[in-house]
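Engineer: Make the full structure from the sequences, and use the hints.
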Amino acid sequence: MGDYAQFLLPLAKGLGMTALLCIISAVGGSIVGLLVGLARASSIGFIRWVSAIYTNLLRGIPLLIILLFTFFALPLLIPGAVFSKLACGAIALTLFVSAYIAEVVRGGLESVPRGQFEAAEALGMNYFLKFRYIIVPQAMRVVVPPWTGIILAMIKDSSLVSVIGFVDLTQAGKIIGTTTMLPLLTFVVVGAIYFVICYPLGKFGRWYEKRLTVSLGRPQAVDLGPASTDLLAEEPLLQVRGEK
Amino acid sequence: MISVKGLQKKYGNVEVLKSIDCEIKPSEVVCVIGPSGSGKSTFLRCLNLLETITAGSVVINGHDLGNSKLDRVLVRRDVGMVFQQFNLFPHMKVLDNVMIAPIKVAKKSREVTKEKALELLAKVGLSDKADVYPSSLSGGQQQRVAIARALAMDPTVMLFDEPTSALDPETVGDVLAVMKRLAGEGMTMVVVSHEMGFAREVADRVIFMDQGYIVEEGTPADIFDRPTQDRTKAFLSRVL
Ligand SMILES: Nc1ncnc2c1ncn2[C@@H]1O[C@H](COP(=O)(O)OP(=O)(O)O)[C@@H](O)[C@H]1O
Ligand SMILES: [Mg+2]
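Line by line, the protein sequences are chains A and B. Read in my numbering, the first sequence has 198 at position 198, and its numbers run on one by one without any break. Read in my numbering, the second sequence has 182 at position 182, and its numbers run on one by one without any break.
It is possible that some hints are incorrect.
Partial chain B-side listing against chain A, Cβ under 10 angstroms, derived [as the list claims (entries may be wrong)]: (1) 18; (2) 75; (3) 87; (4) 101; (5) 153; (6) 221.
Under the rule of at most 25 angstroms between Cα atoms (straight-line distance), these lysine to any residue pairs were calculated in the SDA-like manner [claimed, not checked]: (7) A:130 to B:113; (8) B:69 to A:111; (9) B:5 to B:216; (10) B:10 to A:129; (11) B:93 to A:209; (12) B:10 to A:182; (13) B:93 to A:111; (14) A:130 to B:67; (15) B:93 to A:132; (16) B:180 to B:211; (17) B:104 to A:164; (18) B:10 to A:42; (19) B:93 to A:126; (20) B:114 to A:129; (21) B:69 to B:51; (22) A:130 to B:15; (23) A:130 to B:5.
Think of the hints as simulated: they come from the structure by calculation, not from any bench. We treat Cβ as the ideally placed atom computed from N, Cα and C, and that holds for glycine.
Structural biologist: The structure is reproduced here in structure tokens:
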């Protein structure tokens, strides 16, 4: 029994490292992805061009190579700076994931009808106000389901950081498996832990998607007070919603 | 108030507005009519900077829209726009649709804005819809919210681009009634519309556009009863 407790600690530590790595990368990747996605929809050709190169390049390179590249190249690019393995892993995952999120954000922005941009501009909104209050909230509906999928894949792919010697959940499992001579049992446990993290996230994505379909079919019906029920009965639902 | 001289607009090589000259005085109601594709929407969109001007000048309340140092926000606060497709913000309740611009753009306080927004909703006859989402409203109701939303910024000019073309016939009247009241209160209005009854009754001046030119303009009686240009006559005989 005491033996198990002895291996629980490194496993928990590995889990903590994976969690930390994934949270940093998910937040970082989402922020960078949002910005690059906005850049993809920019009216300035040069910005569109640079952001297109960014996403296409990063999506065309295996994560493993991005990881090794950040590990070996970062100290060369910024001499004197010391990068922890966590930092290297987080930067690599952020870059990787941001390229995919950027594409999803671009799709989301394109799903918002032109008239919404024009209405916001006609009311005097500047770029920030227009995106912050009008465009992004509407794009979110389209962005969130694939976003959860990307984050999910990232959590699983994060096990690759062991190649740069970062002791995450997978690497901890490898070490424990070797020392206990119980690799199979260890990896069953490790796999189960990944599953327990990923499954609810996937569930959330599907739930959100479902809610989306429902609310598109009968928009916002939940939010209407009792006063509007007879209105719904007398008027055909979903009157032209702004698209041509 | 609005002074347009030699306005030209090209998309690539396509010249959509060829040379538009037009003066609009305060409190004047101008109706713009003309066949589809004649450049009516483009003309309106040039007046609130949704399109950049290729050549010529547009001056609104002393702001030269061609000036590169122009404060676009200031112009747009002065010019309200109502679209054919309403373009209400579907993720916001009706009241928030009306309140968002005064609060975020004009930086007005929430209390003052709310009071004003409720007044405007009452004015367009939709007090009871403040707390619903636009998608639950009929087209005519949505368009009236759109008018209230534009008015919330206290514009001095209102532009309407075929405000009733996307509506079911039975809801057109309510929208026109609101516009008529607005005209009666002295609002300066430029209205692209094929509602000839409205033009005849409310407009001070009717402009007939075709192929990027102003072909003819005059009082509603001039244009509808005594058109001088063949193109005007041909158009009117088709729509009347
Ligand atoms: N963004 C655009 N790019 C190219 N051509 C356009 C664009 N917008 C409008 N046009 C063209 O300009 C002409 C005038 O359009 P528009 O102003 O919408 O006419 P109207 O409102 O009188 O029907 C049309 O021939 C249309 O095809
Ligand atoms: Mg038009």
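Engineer: Hint by hint, note whether the structure agrees.
Structural biologist: Do the hints match the structure? See the list:
no. : hint           : verdict
1   : 18             : violated, 24 angstroms
2   : 75             : holds, 8 angstroms
3   : 87             : holds, 4 angstroms
4   : 101            : holds, 4 angstroms
5   : 153            : holds, 6 angstroms
6   : 221            : violated, 33 angstroms
7   : A:130 to B:113 : holds, 19 angstroms
8   : B:69 to A:111  : violated, 33 angstroms
9   : B:5 to B:216   : holds, 16 angstroms
10  : B:10 to A:129  : violated, 29 angstroms
11  : B:93 to A:209  : holds, 22 angstroms
12  : B:10 to A:182  : violated, 74 angstroms
13  : B:93 to A:111  : holds, 21 angstroms
14  : A:130 to B:67  : holds, 23 angstroms
15  : B:93 to A:132  : holds, 17 angstroms
16  : B:180 to B:211 : violated, 29 angstroms
17  : B:104 to A:164 : violated, 48 angstroms
18  : B:10 to A:42   : holds, 22 angstroms
19  : B:93 to A:126  : holds, 21 angstroms
20  : B:114 to A:129 : holds, 19 angstroms
21  : B:69 to B:51   : holds, 16 angstroms
22  : A:130 to B:15  : violated, 30 angstroms
23  : A:130 to B:5   : violated, 31 angstroms
Figure legend: structure checked against the earlier numbered hints; hints not met, in rising order: 1, 6, 8, 10, 12, 16, 17, 22, 23.
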